[in-house]
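Single-letter residue listing:
Number of protein chains: 2
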Amino acid sequence: MSPKLSDQTKEQRVLQILEAAKRVFADKGYGAVSLKDIIEETGMSRGWIYLYYQSKDEIFEDLLNYQDEQYERELAERLEQCASVWELVYELQFQQLQELLVSHKGDLMPAFYEYFLLGYRNEERQELLRQRYEKGIARFAAILQAGVDRGQFSPIMSVIDISRIVASFQEGIITHAITVGIETANTKIQLESFIDYVKSLLRPITS
Amino acid sequence: MSPKLSDQTKEQRVLQILEAAKRVFADKGYGAVSLKDIIEETGMSRGWIYLYYQSKDEIFEDLLNYQDEQYERELAERLEQCASVWELVYELQFQQLQELLVSHKGDLMPAFYEYFLLGYRNEERQELLRQRYEKGIARFAAILQAGVDRGQFSPIMSVIDISRIVASFQEGIITHAITVGIETANTKIQLESFIDYVKSLLRPITS
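From first to last, the protein sequence lines stand for chains A and B. What the first sequence shows, in the working numbering, is residues 9 to 215, in sequence order. What the second sequence shows, in the working numbering, is residues 9 to 215, in sequence order.
Bound conformation, chain A alone (with noise of 0.2 Å):
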């Protein structure tokens, strides 16, 4: 008989391994990752992993959804607490962008682009990237819509093609950036083009 579990006791359990294997996939990329590597990375025992996941696949996309969660959390908590939508955009766009030019050690995005560039001939990532890809940016579109409902923006066009062009620009510029150096991408100046172009997109109304 196995020991009953209190569901915080599972979520904690979760938790752990999607820590460990976040840890895995953000040193090896994806493709080097085996399931073996996340499990000895948990130190727990196989079966413990085996009653939650039954692939490195799960467990890939449950991390993700997971940060999502978070970040879409303390979105929200930002939008409710700014006065002004206009610094939260820029701060969610600069922001982001020189954390990852500081160091993009530690994060996913390696792991994250192998996982989804070379999943393009299978259909179901290619679903999966779709529908996180409108996801993302619906979120940022909302933040952009309660900027528009506040009277602090007045935008050019439709906040959710705002949402799609900003993406785009933005994976650009990270692109970029990684591939082949913030010096010689000189990242500086395409963050700062960028956030006065996004502003003209926007048209903040400053009183």
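Keep in mind the hints are simulated off the structure, nothing from the lab. Note that the structure is predicted; figures quoted are calculated from it, not measured. Careful, some of the hints might be misleading.
Put simply, identical chains are the same to the list, so a pair is met inside one copy or across any two.
[Unchecked claim] When the alpha-carbon atoms are kept at most 25 Å apart in a straight line, the in silico BS3-like pairs for lysine-lysine are as follows:
| # | residue 1 | residue 2 |
| --- | --- | --- |
| 1 | LYS44 | LYS207 |
| 2 | LYS196 | LYS143 |
| 3 | LYS44 | LYS196 |
| 4 | LYS18 | LYS44 |
| 5 | LYS196 | LYS18 |
| 6 | LYS196 | LYS207 |
| 7 | LYS143 | LYS207 |
For chain A, the structure is supplied; the task is to place chain B on it using the hints.
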């Protein structure tokens, strides 16, 4: 004794190999391709190929260089012939993206991403990617500079930075178009905004 080959015959043979390799890489990506696949596609004997190439890496890099040279020649010609450099810039950005969107079958993009993004722990590939980046940025900046020299552009910053910014934005739009599809990404609107933005950086002088 092997037959003596004229330089022309050699060049022709190399071209045949590169064309065959392109079909294979476009079809299968990078990782899944073996040197054997390429040899089979050429229809030549193993021995012939080894006269020119020792590995698929060599073939792939040569293929990229060959495509670059073709593109550079085409660009130089178009620049010389065009009356309006802005129209050339517009065509280059817009048409290039549109072609990609209509169909990215038969092109090397996925193999290219695999080769470089998965080589992000490989210093030689990183250096190669950096060199390719700088060459591409300089190539487009030279076109922009031609527009300045002809008195057709009045850019708000250095043409080299504009070239970097354009490259990032374009990279992001293409990445999202390919990964989630042009409807989901609303790529049409993104392209229109992108062109407007590039215009605001270059400020073409309309006479």
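Each hint tested on the structure:
1. LYS44 / LYS207: neither (48 Å within a copy, 53 Å between copies)
2. LYS196 / LYS143: between (28 Å within a copy, 20 Å between copies)
3. LYS44 / LYS196: neither (41 Å within a copy, 45 Å between copies)
4. LYS18 / LYS44: within (21 Å within a copy, 50 Å between copies)
5. LYS196 / LYS18: Intra 44 Å, inter 47 Å, cutoff 25 Å: neither.
6. LYS196 / LYS207: both (17 Å within a copy, 21 Å between copies)
7. LYS143 / LYS207: Classified as within: same-chain Cα gap 23 Å, cross-chain 31 Å, threshold 25 Å.
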